[in-house]
Amino acid sequence: MARVKHTPASRKPARKKAPSASASTPQSQSPRRSERRRTQEQPQSAETQGGKKRRSKPGAAALREIRKYQKTFKLLIPAAPFIRCVKQITNQLSTQVSRWTPEAVVALQEAAEDYLIHMFEDGMLCAIHAKRVTLMKKDIELARRLAGIGRPW
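Reminder that position 10 of the sequence shown reads as 10 in the numbering used here, one-by-one numbering, no gaps.
Hint data in this document are derived by calculation from the structure and do not stem from the laboratory. This structure is a prediction, so every number in the text was calculated from the model and none was measured. Worth double-checking, as some hints may not be accurate.
Simulated pairs of lysine to any residue, SDA-like, Cα-Cα distance not exceeding 25 Å [what the hints assert, rightly or not]:
#1 K71 <-> L108
#2 K87 <-> E110
#3 K71 <-> M124
#4 K74 <-> A104
#5 K74 <-> I117
#6 K68 <-> I149
#7 K138 <-> I149
#8 K131 <-> R145
#9 K71 <-> S56
#10 K68 <-> L108
#11 K87 <-> K68
#12 K87 <-> L76
#13 K71 <-> T101
#14 K71 <-> D114
Whenever a hint applies, use it, and build me the whole structure from the sequences.
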């Protein structure tokens with residue numbers, strides 16, 4: 001049997017309706033002012049301008065974010081939740097200490113972030129050593145164990 005190209009059936013041209021008597025008025029020919037304003041106010045998106053929104057490759061945005069945070073010197077943990085956490089721990093350990101100077105809290109926050117960053121770096125090295133890209137809980141546990149942090153016995 002011969003191969004045949006299947007094409008969709010051609011459509012019949014749509015019939016135009018006869019213009020009604022109300023269509024000849026000047027108001028119906030031009031759009032209303034409110035409709036014109038609505039169309040002018042709507043911002044043009046990438047799709048309506050003729051192009052598509054560019055989609056980056058998987059992981060490219062993550063690498064961009066890593067580079068961004070490596071360049072910055074500002075603290076990554078938000079200050080207000082960190083201060084609340086410090087005050088809560090202070091109240092649990094000692095009721096006598098209730099006030100912190102801002103410099104002490106900033107120094108404590110810098111030390112905490114530095115500790116966490118180094119812990120994640122060591123954990124990532126353990127993950128890479130295991131021929132993985134994903135950081136897992138066991139990598140951080142191994143990094144802590146190798147560093148001698150944690151159990152004193």
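Status of the hints after comparison with the structure:
1. K71 <-> L108: Holds, at about 21 Å.
2. K87 <-> E110: holds, 16 Å
3. K71 <-> M124: holds, 19 Å
4. K74 <-> A104: holds, 16 Å
5. K74 <-> I117: holds, 14 Å
6. K68 <-> I149: violated, 30 Å
7. K138 <-> I149: holds, 14 Å
8. K131 <-> R145: holds, 19 Å
9. K71 <-> S56: Distance ~21 Å between K71 and S56 Cα, so the pair holds.
10. K68 <-> L108: holds, 24 Å
11. K87 <-> K68: violated, 31 Å
12. K87 <-> L76: Roughly 19 Å between the alpha carbons, so the hint for K87 and L76 holds.
13. K71 <-> T101: violated, 28 Å
14. K71 <-> D114: The given pair, whose Cα atoms are some 15 Å apart, holds under the 25 Å limit.
Checked against the numbered hints above, the structure breaks hints 6, 11, 13 and satisfies the rest.
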